[in-house]
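S.K.: Sequence:
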Amino acid sequence: MGKYGKSVLIWIFAVVFTGLTAYYQRTTGPTYPVRGSLEIDGQKVKYRLVRSEESISPAEVIVKNAPAGLEGVVKFKRYNIDEPWTIVNFSPSEENLSAWLPKQPPAGKLEYFAELTYKGVTYKLNEDPVVIRFTGPVPIYILAPHVFFMFLAMLFSARTGIEAVLKRKKTKVLAFYTTLFFFIGGMILGPIVQKYAFDAYWTGWPFGHDLTDNKTLVAFVAWLVAYLRLRKNENNRGWAIAAAIILLLVYMIPHSMFGSELDYSTGDINTGN
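Quick note: the sequence shown, position 99, residue 99 per this note's numbering, numbers continuous.
Incorrect hints may have been included.
Derived lysine to aspartate or glutamate pairs resembling EDC-like cross-links, with alpha carbons at most 20 Å apart [as the list claims (entries may be wrong)]: (1) K77 x E111; (2) K46 x E95; (3) K44 x E94; (4) K103 x E53; (5) K75 x E53.
Read the hints as simulated data drawn from the structure, not as lab findings.
Given the sequences, and given the hints that come with them, work out the whole structure.
M.R.: What follows is the structure, encoded as structure tokens:
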């Protein structure tokens, strides 16, 4: 196989690897919906318990493919608040059932249970409370570039790490682009997204304990150091390998863990909970 063919294969591997990593991080985070299904009267009923919603609208808990006569309720209260539970009924909509949780201020959280009843039999959809967090709306012209550049940073990190392991010639230039994309996506656009979502540009160290901000900072510093070492000596490939491993470990941490949370008693938004 020629030099060009090997390069194409490496890029394909890097793209697939990055896609799988991004998917893992997204689907294991605390804002990813709880999905499931159960059989009721010989019919497969699917449900989606939402765990994230914009603060400008109520959140929909949905049950799909509901047989006639299926009923249900959602019981909710504000998270970490000692107050009575509020009960709302599921309402039919074509072949679905929907229950609506009231909108909350940015970083506000609700915890809730959902259950269905059919012919006198009750089906609990969750044994432990599902927690939903509300966020301020982020304009698509901010969010889309943020996601795009963060994906590019992950992609080029993987690609640079492979380049360094194989002792190929483009480790330094690839490290430059990795650092640049991470700076744009994580250190510039990331705080802007945070400002729209939770009214604060930065809630990581040294101002707070937001895990997303802190892991972004760690990964960026790792790549900045790696690039500076490669500028000094292109044989310092070990720094690029270490930075790629650090970024991978960082992205193994589920997205949005220990993020912003509204303290209903004070009105303050705390981090690291």
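S.K.: Now tell me, hint by hint, if it's right for this structure.
M.R.: Structure-based check of all given hints:
no. : hint       : in the structure
1   : K77 x E111 : holds, 6 Å
2   : K46 x E95  : holds, 11 Å
3   : K44 x E94  : holds, 16 Å
4   : K103 x E53 : holds, 8 Å
5   : K75 x E53  : holds, 18 Å
When each numbered hint is compared with the structure, no violation occurs for any of them.
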